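Asker: Residue strings, one per chain:
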Amino acid sequence: MAKLLAWHSSLLLFFLFFATVCFVPRSWGAEDTADVAKLKSFLGQIEEQASSVDAFSCRFEQIKYLAIFSKPIFFYGNLSIDRPDKMRWEITKPLPSVLLLDGENGLQCSAGRPARKFNTVSDPVMKIVAKQIWSWMSGDYMALRESYTISQKGDFGILLEPFDSAVAKVISSVLVQFNPVTLQPTSVTISEAGKDRTELLFTDYVLNNSFADDYFSKCFLK
Amino acid sequence: MISSNKLKWFFALSLMLLGLWGAKGIHLRDDVLDLLPGQAVRTDIEILQRLGLVNRVFISFEVDAGDVQGGIPPVSRLMKIAEAVGVDLKKTNMFREVVYRLDEGFEWFTYDKLWNYLPALSTEDDLAVIAEKLDLSSLEKIISDNFAQLNSPAGIPLVNQVRRDPLALIGLLFKRLEGLKGEFSMTINEGFFFSKDRKSCLIWAESLDSLTDSVNAQKIKDIIDSSLKQNDMRGVTVRIVGTLPHTLANAELVQNDLRRLLPLASISLLIFLLFSLRGVRAIGVMVIPLMAAPIAIALLNLIYDKISTLALGFGIVLMGIAVDFSIHLYLALSAKENRDKGLNDVVIPISLATLTTIGVFVVLLFSEVPSHRQMATFAIIGLVCAVFFSFLLIPTIISGNRLTSHVTVRASKKNLLHETRGAYLKIISWMLLILLGGWSWTQLEYDGDLRSLDVPSQQVIDDEQVFRKTWHHNESQTLIVSQGKSIASALEKNDIVFNKLKAINVSGVQSLSAILPSLKTQTENISNWSLFWANRAEKSKDNIRKIGEEMGFTADAFAPFFRWLDQPDNLLQPETLLNSPIRPILISMLRTPASDSQTIEKEFLVTTIVPDRDHLFSELTKVLGQEQGVTIISNSKWRTQVEKLLRYDIIRLSTSAGLLIVVLASLYFRNLRQTIAVLAPVLSALSAMAIYGLLTTGQLNMMHVLMGIMVIGISVDYGIFVVFANKNPDEHVTSKAVSICAVSTLIGFGVLAFADHYALSTLGATVLAGIGAAWPTALIVTPVILGARRGGITKWK
Numbered sequence: 003m004a005k006l007l008a009w010h011s012s013l014l015l016f017f018l019f020f021a022t023v024c025f026v027p028r029s030w031g032a033e034d035t036a037d038v039a040k041l042k043s044f045l046g047q048i049e050e051q052a053s054s055v056d057a058f059s060c061r062f063e064q065i066k067y068l069a070i071f072s073k074p075i076f077f078y079g080n081l082s083i084d085r086p087d088k089m090r091w092e093i094t095k096p097l098p099s100v101l102l103l104d105g106e107n108g109l110q111c112s113a114g115r116p117a118r119k120f121n122t123v124s125d126p127v128m129k130i131v132a133k134q135i136w137s138w139m140s141g142d143y144m145a146l147r148e149s150y151t152i153s154q155k156g157d158f159g160i161l162l163e164p165f166d167s168a169v170a171k172v173i174s175s176v177l178v179q180f181n182p183v184t185l186q187p188t189s190v191t192i193s194e195a196g197k198d199r200t201e202l203l204f205t206d207y208v209l210n211n212s213f214a215d216d217y218f219s220k221c222f223l224k
Numbered sequence: 013m014i015s016s017n018k019l020k021w022f023f024a025l026s027l028m029l030l031g032l033w034g035a036k037g038i039h040l041r042d043d044v045l046d047l048l049p050g051q052a053v054r055t056d057i058e059i060l061q062r063l064g065l066v067n068r069v070f071i072s073f074e075v076d077a078g079d080v081q082g083g084i085p086p087v088s089r090l091m092k093i094a095e096a097v098g099v100d101l102k103k104t105n106m107f108r109e110v111v112y113r114l115d116e117g118f119e120w121f122t123y124d125k126l127w128n129y130l131p132a133l134s135t136e137d138d139l140a141v142i143a144e145k146l147d148l149s150s151l152e153k154i155i156s157d158n159f160a161q162l163n164s165p166a167g168i169p170l171v172n173q174v175r176r177d178p179l180a181l182i183g184l185l186f187k188r189l190e191g192l193k194g195e196f197s198m199t200i201n202e203g204f205f206f207s208k209d210r211k212s213c214l215i216w217a218e219s220l221d222s223l224t225d226s227v228n229a230q231k232i233k234d235i236i237d238s239s240l241k242q243n244d245m246r247g248v249t250v251r252i253v254g255t256l257p258h259t260l261a262n263a264e265l266v267q268n269d270l271r272r273l274l275p276l277a278s279i280s281l282l283i284f285l286l287f288s289l290r291g292v293r294a295i296g297v298m299v300i301p302l303m304a305a306p307i308a309i310a311l312l313n314l315i316y317d318k319i320s321t322l323a324l325g326f327g328i329v330l331m332g333i334a335v336d337f338s339i340h341l342y343l344a345l346s347a348k349e350n351r352d353k354g355l356n357d358v359v360i361p362i363s364l365a366t367l368t369t370i371g372v373f374v375v376l377l378f379s380e381v382p383s384h385r386q387m388a389t390f391a392i393i394g395l396v397c398a399v400f401f402s403f404l405l406i407p408t409i410i411s412g413n414r415l416t417s418h419v420t421v422r423a424s425k426k427n428l429l430h431e432t433r434g435a436y437l438k439i440i441s442w443m444l445l446i447l448l449g450g451w452s453w454t455q456l457e458y459d460g461d462l463r464s465l466d467v468p469s470q471q472v473i474d475d476e477q478v479f480r481k482t483w484h485h486n487e488s489q490t491l492i493v494s495q496g497k498s499i500a501s502a503l504e505k506n507d508i509v510f511n512k513l514k515a516i517n518v519s520g521v522q523s524l525s526a527i528l529p530s531l532k533t534q535t536e537n538i539s540n541w542s543l544f545w546a547n548r549a550e551k552s553k554d555n556i557r558k559i560g561e562e563m564g565f566t567a568d569a570f571a572p573f574f575r576w577l578d579q580p581d582n583l584l585q586p587e588t589l590l591n592s593p594i595r596p597i598l599i600s601m602l603r604t605p606a607s608d609s610q611t612i613e614k615e616f617l618v619t620t621i622v623p624d625r626d627h628l629f630s631e632l633t634k635v636l637g638q639e640q641g642v643t644i645i646s647n648s649k650w651r652t653q654v655e656k657l658l659r660y661d662i663i664r665l666s667t668s669a670g671l672l673i674v675v676l677a678s679l680y681f682r683n684l685r686q687t688i689a690v691l692a693p694v695l696s697a698l699s700a701m702a703i704y705g706l707l708t709t710g711q712l713n714m715m716h717v718l719m720g721i722m723v724i725g726i727s728v729d730y731g732i733f734v735v736f737a738n739k740n741p742d743e744h745v746t747s748k749a750v751s752i753c754a755v756s757t758l759i760g761f762g763v764l765a766f767a768d769h770y771a772l773s774t775l776g777a778t779v780l781a782g783i784g785a786a787w788p789t790a791l792i793v794t795p796v797i798l799g800a801r802r803g804g805i806t807k808w809k
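Keeping their order, the protein sequence lines are chains A and B.
Note that our numbering gives residue 67 to position 65 of the first sequence, counting from 1, and the numbers run on in steps of one.
Note that our numbering gives residue 261 to position 249 of the second sequence, counting from 1, and the numbers run on in steps of one.
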């Protein structure tokens with residue numbers, strides 16, 4: 003059960019930046035503190051920016067600080083999203099691999115291994131992965147508010163902290179930083195249980211680009 | 013002063029009231045077991061009932077994939093409906109189990125709980141797989157995969173899993189659970205059971221009460237319908253499959269038929285009797301024998317705890333034979349001015365006819381089928397009581413009856429029983445009928461398939477076809493049931509079955525042994541596991557550590573796995589699985605005793621499922637036939653076995669009934685000609701039934717043969733009365749009496765020939781053909797065989 007909740011929360015938070023790029027946030031309701039007003043205003047700006055984006059690509063650098071790793075592990079790759087249900091997460095270095103989502107179908111490929119097809123309905127792990135990805139793709143901030151406390155960090159960052167203690171055992175918080183000018187997410191830091199954390203740095207955004215028809219259904223791994 | 017007639021009626025009515033009082037506590041039941049012969053077969057179906065297979069109802073909800081109602085996608089709608097209906101069914105307490113989804117967390121049950129029992133579940137094959145993984149090159153690949161996985165989007169929550177199970181041994185458990193897919197092809201979506209195309213969602217439930225009983229079936233149907241009404245079912249097709257729709261379809265058809273035909277038969281019969289017996293006292297002739305029914309039911313209630321509805325229904329029908337005796341008695345008494353003389357003339361033939369008819373039912377007492385035995389008991393008691401009532405009360409309704417003169421006048425014109433003109437033609441025609449009938453019997457096939465008596469509606473047939481296509485429901489399965497007084501012994505037998513099936517390379521086996529072996533087997537597994545790791549643990553740990561460090565893991569990254577290897581091993585108790593989210597998958601394969609205790613219900617049942625293939629049954633019997641407490645139930649073979657037993661039973665009984673009639677007639681008359689004359693209507697009846705059967709379906713089924721036995725009992729009576737009448741030159745009413753009896757039987761049963769239900773129409777047609785031939789034979793051929801003159805010496809013209 004803890005694992006299920008961990009999945010739920012980790013991917014919920016991990017892909018939060020999609021929400022900030024692509025989603026249309028709902029209204030926050032009747033809170034009237036100054037901080038909330040500021041946060042609402044900030045998210046409003048992001049929302050306005052995000053509502054004009056249907057697809058995008060960017061590069062990412064992932065740094066894993068896990069207790070089980072003897073040193074920080076660096077992975078590099080490209081991320082592409084085509085709303086509402088296509089995603090390509092491609093790691094180019096050091097171990098090339100691709101994770102594709104195309105509606106309910108998915109494909110996991112690693113260099114030198116046979117590709118693994120999965121269905122997000124029947125595969126329990128990928129079901130949760132996809133569910134959370136697409137819950138963010140739908141742009142429903144209200145759903146996030148129901149599970150997480152959202153606060154502003156600095157002028158261009160937001161911090162999410164889970165309500166649920168079981169989730170909090172796996173993910174303690176997620177911090178998203180935005181570019182002051184473009185309002186695109188520049189980094190996502192996921193703080194896990196213990197001292198583990200994952201940092202994602204996003205650069206070289208290309209917005210509203212188009213993709214080949216099979217870009218989200220074939221791995222094209224070399 | 014109370015007249016003797018009034019005393020007789022008082023006595024009779026008192027007895028009847030006593031009977032009604034005694035009958036009020038009757039326990040009726042509708043159980044398919046009552047229709048089945050042989051203890052072995054009954055035990056098989058008792059097992060099937062205990063496994064819940066007989067009383068299961070399946071409900072399949074279907075939508076069009078693109079049909080979005082109220083903005084809710086079809087899959088979500090189906091889940092909502094399945095949950096709502098499932099919850100409603102559970103609330104009623106009419107079901108032992110209602111399965112509409114797996115509990116939340118079922119996906120993680122394997123990771124969280126079952127993982128701890130891996131050593132107890134691992135077989136030698138599993139250890140061989142693990143040995144391959146521990147090979148250096150395999151280890152490098154596995155650790156590298158772990159590293160990549162941890163750095164993928166799916167990585168964060170997998171940290172603990174990778175630390176605990178770097179070799180992905182959990183896959184061994186997934187494979188086992190995959191193997192328990194059950195009889196349907198489905199995919200699980202958020203715990204709900206969907207077809208592969210996700211257009212259909214399935215729920216099922218096991219009724220506490222028997223669904224072969226139409227009353228219970230209707231109750232369950234009403235509950236389901238009520239639940240469906242409370243939900244938005246727009247665009248959703250509901251298909252209900254299983255025993256329930258068959259029971260209801262058959263019951264509805266029978267009820268419609270009886271509703272339509274019984275009043276017709278009763279009114280026609282009454283009108284006919286009123287007309288032929290010339291007066292309202294005809295009602296008494298019909299009613300007096302039937303007054304014995306409550307007494308017979310009360311006595312039956314004393315003998316049996318529960319009475320089959322079928323036996324009761326048929327028994328009442330069979331009691332109708334007693335009306336024949338009351339007709340003979342009535343006419344005989346009415347025709348004579350001296351009532352005592354009239355009584356003397358009929359008491360012996362009525363007694364002999366009663367004896368032969370009872371004799372036929374005594375034969376039925378030796379049937380292997382419980383409902384036949386009850387039917388016979390009821391008929392015997394009923395007939396005796398009915399004849400007693402007739403002798404007691406019929407004379408009381410004769411006083412001052414003006415029928416006498418009419419009967420005498422009519423009789424003096426022509427007496428068929430003394431007519432022998434055209435004797436040779438009659439005899440030859442009769443013998444031709446017998447020869448044709450005899451030949452027809454040899455051409456008939458016995459259709460023992462009980463399903464031919466099942467008449468489902470077109471809706472039921474269509475629903476089943478779609479259901480099979482949607483869910484790839486495989487009805488052709490062989491079940492191997494291991495029974496034990498304790499769960500431990502049942503599981504041990506199940507393991508033996510599993511190992512033997514493995515030894516003969518049977519594929520497609522679904523066995524609980526894969527996920528819940530007996531504690532004995534688990535202890536052996538743990539011992540093998542310990543032995544396996546004793547030689548490998550330290551070396552493997554070193555290799556994993558070394559390869560991990562090269563990859564970037566810390567030295568203690570896999571410490572949880574190493575600790576797990578060193579931990580004491582746990583035995584998996586059945587309760588752990590039965591209280592887990594995967595319980596719905598298991599309950600049909602593991603049954604625990606119910607709270608009510610009948611012998612078989614005290615035992616634990618563990619089921620193994622194998623595909624029902626040609627020759628597999630005989631192979632299984634060879635391998636497992638000697639195992640105590642193991643029963644093999646193959647759908648197809650079981651049916652064949654039932655049919656064989658039924659055929660044997662029916663042939664034995666009908667032959668015995670025939671022989672008994674011959675023996676009784678021979679013993680009484682001690683004259684070959686008279687014996688043949690008595691039996692002539694019986695031979696005609698059997699021949700006519702055979703010819704009719706050949707001209708129509710070419711087959712006989714159980715209903716034909718049961719009614720044939722009854723027709724033997726009725727038609728021999730015609731012969732008896734005619735033979736007695738032929739001896740008495742002053743006798744004038746027997747031909748009329750026989751005719752009235754025959755016509756009343758033809759009316760009463762003949763209307764059933766027009767029933768829509770196959771079983772009822774078969775019953776009606778059989779009696780029509782049989783009595784239709786027996787009647788003229790008794791009046792035309794029997795006298796010819798006997799001869800025209802008094803004393804029965806032949807002198808044919």
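What the hints contain is simulated information worked out from the structure, not anything from laboratory work.
Since the model is a prediction, treat every value here as computed from it, not as a measurement.
The beta-carbon is built from N, C-alpha and C at its ideal position, and this holds for glycine as well.
A few of these clues could be false.
To be verified - If we take Cβ atoms under 7 Å as the criterion, some of the chain A residues that face chain B in the derived model are:
#1 Ile65
#2 Ile70
#3 Ser72
#4 Phe77
#5 Trp91
#6 Ser99
#7 Ser124
Asker: Indicate, hint by hint, whether the structure satisfies it.
Answerer: Cross-check of the supplied hints:
no.: 1; hint: Ile65; verdict: violated (10 Å)
no.: 2; hint: Ile70; verdict: holds (4 Å)
no.: 3; hint: Ser72; verdict: holds (5 Å)
no.: 4; hint: Phe77; verdict: holds (5 Å)
no.: 5; hint: Trp91; verdict: holds (6 Å)
no.: 6; hint: Ser99; verdict: holds (6 Å)
no.: 7; hint: Ser124; verdict: holds (5 Å)
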